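Visitor: If you read the protein sequences in the order shown, they are chains A and B. Sequential numbering of the first sequence, starting at 1, is according to the UniProt record's numbering. Sequential numbering of the second sequence, starting at 1, is according to the UniProt record's numbering.
I should point out that these hints are in silico values taken from the structure, not numbers from a laboratory. Take the hints with a grain of salt, since some may be wrong.
[To be verified] Below, in silico cross-link-like pairs of lysine-lysine (BS3-like), each with a Cα-Cα straight-line distance of 27 Å or less: (1) A:K818 to A:K60; (2) A:K132 to B:K16; (3) B:K16 to B:K82; (4) B:K143 to A:K132; (5) A:K124 to A:K509; (6) B:K143 to B:K82.
For clarity, every value in this text was computed on a predicted model and none was experimentally measured.
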Amino acid sequence: MTDRIADIYGLRTPHAKGTVWPARVDQYLDPGTEERDVESWVQSACLLCSNGCGMDIAVKDGRMVGVRGRATDVVNHGRLGPKGLYGSTRWASAGDRLTRPLVREGGRLVETDWDTAMGRIVEKSRALLDEKGPLSHGFYTSGQLFLEEYYTLAVIGKAGLGTPHMDGNTRLCTATSAAAFKESFGADGQPGSYTDIEHCDAIFLYGHNMPETQTVLWMRILDRTRGDDPPRIVCVDPRRTLVALEAERTGGVHLAPRVGTNLALMNGLTRELFEHGWVDDDWVAARTLGVDELRSTVEEWTPEKVADVCGVDADDVRRAARIFGESEGVLSTVLQGFYQSHQATAASVAVHNLHLLRGMIGRPGAGILQMNGQPTAQNNRECGADGDLPGFRNWDNPTHVQQLADAWDVDVMTIPHWAPPTHAMQIFSYAEAGSIGLLWISATNPAVSMPESARIRRILDGDQCFVIVQDLFLTETAELADVVLPAAGWGEKTGCFTNVNRTVHLSEKAVEPPGEARSDLDIFLMYADAMGFTNSSGQPLIGWRTPEEAFDAWAAVTAGRPVDYTGLSYDKLRGLSGIPWPVNEEHPDGTDRLYADAVFPTDTDYCETYGHDLATGGTVTETEHRAMNPAGRAFLKGAAYTPAHEEPSENFPLLYTTGRTVYHFHTRTKTGRSGDLNRAAPDAWVELSAADAAARGIEEGDWVRVASPRGAIEVRARVGNVMAGAVFAPFHYGHWEPGADLGGGHDDANRRLANELTMTVWDPVSKQPTFKTAACQVTRLRAGDGPSPAPTTTASAPDTDRPPPAPQRRPRATQGGKPTTSTQPPATPYYLLDPSQPPERASTSSFAEGDR
Amino acid sequence: MPHLTTYIGLADHSEKTLADSFRAAAEGHAHVADVFHICQMFAEWSEDNREALAPIIQRYGEADDVDEPERLHAAGLAETRKGEVGLLRDLQDLHVLATLVQTTWTVIAQGAQGLRDRDLLEVAQHAGDQTSRQLTWLNTRMKQAAPQALIVAP
Numbered sequence: 001m002t003d004r005i006a007d008i009y010g011l012r013t014p015h016a017k018g019t020v021w022p023a024r025v026d027q028y029l030d031p032g033t034e035e036r037d038v039e040s041w042v043q044s045a046c047l048l049c050s051n052g053c054g055m056d057i058a059v060k061d062g063r064m065v066g067v068r069g070r071a072t073d074v075v076n077h078g079r080l081g082p083k084g085l086y087g088s089t090r091w092a093s094a095g096d097r098l099t100r101p102l103v104r105e106g107g108r109l110v111e112t113d114w115d116t117a118m119g120r121i122v123e124k125s126r127a128l129l130d131e132k133g134p135l136s137h138g139f140y141t142s143g144q145l146f147l148e149e150y151y152t153l154a155v156i157g158k159a160g161l162g163t164p165h166m167d168g169n170t171r172l173c174t175a176t177s178a179a180a181f182k183e184s185f186g187a188d189g190q191p192g193s194y195t196d197i198e199h200c201d202a203i204f205l206y207g208h209n210m211p212e213t214q215t216v217l218w219m220r221i222l223d224r225t226r227g228d229d230p231p232r233i234v235c236v237d238p239r240r241t242l243v244a245l246e247a248e249r250t251g252g253v254h255l256a257p258r259v260g261t262n263l264a265l266m267n268g269l270t271r272e273l274f275e276h277g278w279v280d281d282d283w284v285a286a287r288t289l290g291v292d293e294l295r296s297t298v299e300e301w302t303p304e305k306v307a308d309v310c311g312v313d314a315d316d317v318r319r320a321a322r323i324f325g326e327s328e329g330v331l332s333t334v335l336q337g338f339y340q341s342h343q344a345t346a347a348s349v350a351v352h353n354l355h356l357l358r359g360m361i362g363r364p365g366a367g368i369l370q371m372n373g374q375p376t377a378q379n380n381r382e383c384g385a386d387g388d389l390p391g392f393r394n395w396d397n398p399t400h401v402q403q404l405a406d407a408w409d410v411d412v413m414t415i416p417h418w419a420p421p422t423h424a425m426q427i428f429s430y431a432e433a434g435s436i437g438l439l440w441i442s443a444t445n446p447a448v449s450m451p452e453s454a455r456i457r458r459i460l461d462g463d464q465c466f467v468i469v470q471d472l473f474l475t476e477t478a479e480l481a482d483v484v485l486p487a488a489g490w491g492e493k494t495g496c497f498t499n500v501n502r503t504v505h506l507s508e509k510a511v512e513p514p515g516e517a518r519s520d521l522d523i524f525l526m527y528a529d530a531m532g533f534t535n536s537s538g539q540p541l542i543g544w545r546t547p548e549e550a551f552d553a554w555a556a557v558t559a560g561r562p563v564d565y566t567g568l569s570y571d572k573l574r575g576l577s578g579i580p581w582p583v584n585e586e587h588p589d590g591t592d593r594l595y596a597d598a599v600f601p602t603d604t605d606y607c608e609t610y611g612h613d614l615a616t617g618g619t620v621t622e623t624e625h626r627a628m629n630p631a632g633r634a635f636l637k638g639a640a641y642t643p644a645h646e647e648p649s650e651n652f653p654l655l656y657t658t659g660r661t662v663y664h665f666h667t668r669t670k671t672g673r674s675g676d677l678n679r680a681a682p683d684a685w686v687e688l689s690a691a692d693a694a695a696r697g698i699e700e701g702d703w704v705r706v707a708s709p710r711g712a713i714e715v716r717a718r719v720g721n722v723m724a725g726a727v728f729a730p731f732h733y734g735h736w737e738p739g740a741d742l743g744g745g746h747d748d749a750n751r752r753l754a755n756e757l758t759m760t761v762w763d764p765v766s767k768q769p770t771f772k773t774a775a776c777q778v779t780r781l782r783a784g785d786g787p788s789p790a791p792t793t794t795a796s797a798p799d800t801d802r803p804p805p806a807p808q809r810r811p812r813a814t815q816g817g818k819p820t821t822s823t824q825p826p827a828t829p830y831y832l833l834d835p836s837q838p839p840e841r842a843s844t845s846s847f848a849e850g851d852r
Numbered sequence: 001m002p003h004l005t006t007y008i009g010l011a012d013h014s015e016k017t018l019a020d021s022f023r024a025a026a027e028g029h030a031h032v033a034d035v036f037h038i039c040q041m042f043a044e045w046s047e048d049n050r051e052a053l054a055p056i057i058q059r060y061g062e063a064d065d066v067d068e069p070e071r072l073h074a075a076g077l078a079e080t081r082k083g084e085v086g087l088l089r090d091l092q093d094l095h096v097l098a099t100l101v102q103t104t105w106t107v108i109a110q111g112a113q114g115l116r117d118r119d120l121l122e123v124a125q126h127a128g129d130q131t132s133r134q135l136t137w138l139n140t141r142m143k144q145a146a147p148q149a150l151i152v153a154p
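With the sequences and hints as input, model every part of the structure.
Guide: Laid out in structure tokens, this is it:
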């Protein structure tokens, strides 16, 4: 029995390089439920981070009562993380679920029936279409819907209404990943695979606190760093995270660049490769474009100059570059420390450049994982609910747009393709001005998650825009809406989603949704029916009624594109779970890693974009692209470092950066309703370095005010492991609080929202907002009566290099999760496509479902 | 070379006008975050171009009193307009101005070729490239802004 709050990663199963990752099946059941009581186990995958762990849902008496990992799943080999174990099912039976639609009457939200609520939406929608046309409509979705829902909404938006104003909160979490792929390789698509972990010699984690964001992937790495012939870890992070500790342990390097200077560091690492001849010149000449320009872009970035700008040791830059330059196989992973920071796309593209210069792509152990924040973010990118065209099609290529017009049987002029799709921040600006008069928000909570919260609240609360919110609970955003629609959640509906490394899972309906709540798919279909959208033949535009039919329609439009689902079906996704796309006639079992042949989707007629100027976001034209004749070669693209948009000043001398804790997901809508998780991280805090705390007379647990030019929070201080000059605040905490039984009831709930301080500014290419560079000041308000509520098990641990604070302020070890079990199956299952297992075992596989 | 110096003067002046206009656009549309930041960056680019030209001006001198190209002097963006349509119009004005700058650098580069003046050629080509990037962004941003501004904006 393991407390997975205290022991986040569970028992190690170390193994040697090149061998298969052993299976371990993790399970949690609600107190009082025995395994024999479980009536059915329903196939699904975890929705509480982007890792995409295969999971079965335990059902008893029509309720979800627990979960267990799927031993045969290629992603997790049976393991689950604390969020998946403790947070997957409890929210579903929470007493405050939305069970009926709400409409605003006299300033208040009141319960109503579906006909009335949908009637109001349709009335407003029709009036706006008559008066202003489709550009008056905006849709803001999520990274947590299912593929079938995104695709259905994409068709409604693009072919029914014809609006370019569609985006998701994926803009906040994963837009840079997609943008960086498009710039380097011509189209979106994760090149690498999790199986690279088993074969690499070094792992570089760029702005990626994996131990907190993808715990199961981190277990996979720990099982290598604690086994024979381990890889070295290189960590790029301003905090001394568990990644940094592992870097120190494995003889790697921890680089802590000053917040906002990632690109300067990357330019320095790139220069080192050129300087030391760690470049595969023949491969680069044959398979890439742009090496000379890149060389001259990075030429000035000597290790000393990097040290000067980034505040790191010049020799550490040399050592990190040497590890990259001398390893046979490097796996690079990238996340919000790059995506949500200054010059996001350019810095993320620079990671690709390092791999391309060494020809390290497309073989086991030499991989790139540009991560996502959310479980279904990838599907938003694929299906086009984020504004892109479905199937990684190029909005600037008339042939691609025509393919969609043919598939949907609509006039090509209906489909918005005259300009880049409208990104989330621009959608909110249009809503602010009232030129978008109807904004439909599904499964996300921008009042907490978007930058400069005061502005977002004003936009949602104002009369200039009619706001529809579709969610599980009355979130901080839903409170401001004109119509609130109760949605069914995970386990209450069927659909598919795709994780970071292209692996597709089916998640089956396990239980009925509460009250009148309906699936997001059904809600979108209801709107389409009521609006009477038709195709050119006069038939209903949306020709499907079920998730499975929606999936098949989606798979059909992916034919011939990089994101090829044509070989997938619900039947195929049942059973041995987790199949990475492309899946088609050529690859009937899926594809473990892309670009094994070093042919990239850059051909002018095939690519998803002609590319951008990384410094400005100006678009490359088709003619310019054709003149370069990329013909399957990858682009090496560089950019000059520029200082961040807001530099520290006399009034705001510290750098403010936001982030995550392992125990919460997003705005705590689900994790805050699990007592085990919520009690582990019950309230917001801010982390300061010992030096910055001492200079302000701040002790562990003191109440402090953190202010930027835009707003302030008042929270308790953790004297921790963030670099001097920087301040870290978790972004999860809005004003919603769970009941006292779940560890709620804090009186600072209205003063702790980290995004009050962040700026309205975004990357020029990916349009991802910047959450990690703002200037701030911290002042002491009053003494606390105990330690800060920050967890001790993770990067938010207290600074252990100095004497502990007085006993009443001493942080107590984070623990107290209910018992979970972990069992190792007698034999490791066979994982299709896993390069650690010889393919001939496929026919002799004896490990069937239910064998455990 | 009276006309080359005229054009060098024109480049210097019009880059200054362009830099001032980018700054005016940044201030006038400060609530449009990308316009605010990119226009400030572009103002710096234009100033960098002038700085690169300074040693050349030392060498050739700068003439700004010649009648003919005087008519080419473009007025800057003294005042910005309001709203989404106003932004579109301001971006259009910046585009006209940047086009003048770009063709001026093209003309100077041709002169530098004739004179076999490598330094001047390098300055003119680099500055022309930077101006092209400014134009590309302006074009991209106008395309993005146009539908909403023309059809829906209040």
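Visitor: Give a verdict on every hint.
Guide: Tested hints:
no.: 1; hint: A:K818 to A:K60; in the structure: 19 Å, holds
no.: 2; hint: A:K132 to B:K16; in the structure: 41 Å, violated
no.: 3; hint: B:K16 to B:K82; in the structure: 24 Å, holds
no.: 4; hint: B:K143 to A:K132; in the structure: 19 Å, holds
no.: 5; hint: A:K124 to A:K509; in the structure: 33 Å, violated
no.: 6; hint: B:K143 to B:K82; in the structure: 18 Å, holds
Of the numbered hints given earlier, the model fails hints 2, 5; all others are met.
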